[in-house]
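J.: Going line by line, the protein sequences match chains A and B.
8 is the number of the first residue of the first sequence in this note's numbering; add one for each residue after it.
8 is the number of the first residue of the second sequence in this note's numbering; add one for each residue after it.
Think of the hints as simulated: they come from the structure by calculation, not from any bench.
Check the hints yourself; a few may be wrong.
Treat identical chains as interchangeable: a pair holds within one or across any two.
Stated by the list, open to error - As a list, the in silico SDA-like pairs of lysine to any residue whose alpha-carbon atoms are at most 25 Å apart:
#1 LYS324 x GLY234
#2 LYS287 x ALA205
#3 LYS114 x GLY337
#4 LYS287 x LEU153
2 protein chains.
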Amino acid sequence: MRVRRGRQDPIPHLQPRRGAPAHQDVRPGLTGVPMSEISKRTFLATGLAAGAATLPLGVMAAEPGRKLGYAILGLGYYATQIIMPRFAECEHSRLVALVSGTPEKLKTFGEQYGIPESHRYSYETFDRIVDNPDVDIVYVITPNSLHRTFTERAAKAGKHVMCEKPMATSAADCQAMIAACKKAGRKLMIGYRSRFQAHNIEAIKLVREGALGPVRTVVTDHGFTIGDPKQWRLNKALSGGGSLMDIGIYSLNAARYLTGEEPVAVNAMESTDRSDIRFKEVEDIINFQLLFPSGATANCVSAYSANCNRYRVTGPKGWVEIDPATSYRGQSMRVQLGGPPAPREPAPQPKNQFSAQLDHLSECILTNQEPIVGGEEGLKDLRLIEAIYRAAREGRTIRL
Amino acid sequence: MRVRRGRQDPIPHLQPRRGAPAHQDVRPGLTGVPMSEISKRTFLATGLAAGAATLPLGVMAAEPGRKLGYAILGLGYYATQIIMPRFAECEHSRLVALVSGTPEKLKTFGEQYGIPESHRYSYETFDRIVDNPDVDIVYVITPNSLHRTFTERAAKAGKHVMCEKPMATSAADCQAMIAACKKAGRKLMIGYRSRFQAHNIEAIKLVREGALGPVRTVVTDHGFTIGDPKQWRLNKALSGGGSLMDIGIYSLNAARYLTGEEPVAVNAMESTDRSDIRFKEVEDIINFQLLFPSGATANCVSAYSANCNRYRVTGPKGWVEIDPATSYRGQSMRVQLGGPPAPREPAPQPKNQFSAQLDHLSECILTNQEPIVGGEEGLKDLRLIEAIYRAAREGRTIRL
């Protein structure tokens, strides 16, 4: 049996690892890198995505070519069709292991991606991943209510964690996950991919630069018409809730990253047809309003019976709009500043949102930085989600 | 002195009038008109604007060329620059009198529109309009808090009334105005011009025909960046309130005419910087949420510090959007039904929204029909406006 990595080692990947390519054994230049050498790419992917003005500038570039190994846990559509193909464009990330409860999926995707049987795990054998030094990061892409346990198990196995949104089904679970990763000395990042998407980065930049003047309104709608009533998203034990947990969270997260503020008050209004077989357990529509400390406001749609994916941020000087805004592809932006509304092409980003997201965590590990969307970011959303549910249930404004 | 028209005469214009062109003295064919002769124009301007399915079909065509006389009361920008030039395109309406507190305005616009001095009134001499048989209708375009008194005085003078929105500054005032017109046997219509605008008529038609499936969300934003802090809109005694009374009412009214339903619950959230000299007395932003009996929802923006004028109605099958939606001109529509969003040109209307609005009241008088936006429509909005203010003030959902 291999020696388990010490939990006290804050940067385990810096130790030489058996079987890793030689270049992975070189300690990346954490110190002594002149600021002038910080790559524009890294800065854009991290600093601007979070709002440059509010981020420390000490983000260091990871050594080119250094790749950390990801295990994908949960082989559903998003994992297999959206995320896994994107490792091909990654600079610091590679797919090295798979975890699934379905042996056929392990075989199919294992063969497709050249993952040896030794690196394929069931949920029962998953904890043995502790002994696999090729795996640096476990990316948890399961139904929501399983995020906590797999994050805890991954951290216990000495792995860093990427966890899909929503981070968990309760704020309490988020706190437990943060604590587990902290205790294990491992990093935790939430899969808020839009923070790495060019149009969204541009919108944040415009707002932060004051192009619109102080933000007055964010109007953002996220929803889709959900189908199969038997899917896990409509099973409250697995999803933790309906549209808000799944798609409305994009409206919520966007309102926060666009304003760069945390709400102080929340209103909400639910509309669910409980006679609809899809909505026996979870909500359909739950629209909500946010008030921010600056006086900025947000009107947000969250729906399982309407297709929408957009936002517009408006200030006294104009507005910026993306529609679709947080989709997998096809983002389209318009800006109105003085003249008539006009299309705007954002500054190009070196990577697509998926590869940039995967690499961001790798780079954070390689350079010992905190992800711009760490566990605290997921926790903030879950606290607000709980407040939104409460506001709708109690029919009153919840002050935060 | 002329004989005052009897209040019991429900259709005073049907009596021959001195000095009126001969064709105006002919009683229009109120009965005996075959349904097949109902003009498509009249049907579109009335039936479809209100949602054909919910309107009685007994709307009769007014005799072509028959024109009723309007007095414009209040010679501000909207009256003189937007409304008055539009009589030129009217079929059943003509400008015959002016009422203003400013002698220079009476002179300037009187000369411009060929209104003799005998047909120019100050607010002091206004009540003498009872003796002017050329005036059938008084169009009240004053600051909001004066709507009630001038409507009451016009009705008392035996005139029909067109009143700008908001109908008044309280639901109680609206009720008094309705009662005054009813007592005088005169018609009362509120200036909801968008109901006569081609894109809005098309959107209502699409929704009513079920093109989107059942409406799930209406997202509508109305606001502008207000300037001069000394204007009456920012004086609560004159305006009755801030953005909601003035521009947010478009969001409210649109949510109602698009769904064709009346809300059963209201949420609201206000954001006003009271240190801003413009907002000493009235609110800036007051966003609100509506819940309709069918389960349709609305997220609405009302703002005095952001420019926006749009709505999107979404159902399971797609959406229809107008942006700008309720502006004086320039409406632009997109529809998403199955495929990608596509621009849509609405069915052309024979008149612009202003002329159609003016003629609608004339036609209703000529054919003894009720306007599709009568006093009850204005009252419904004011009741909701009061509920919205209350929801924001008390921080709770108001059930209606």
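J.: Which numbered conditions among the earlier hints are violated in the structure presented, ordered from lowest to highest?
T.: 2, 3
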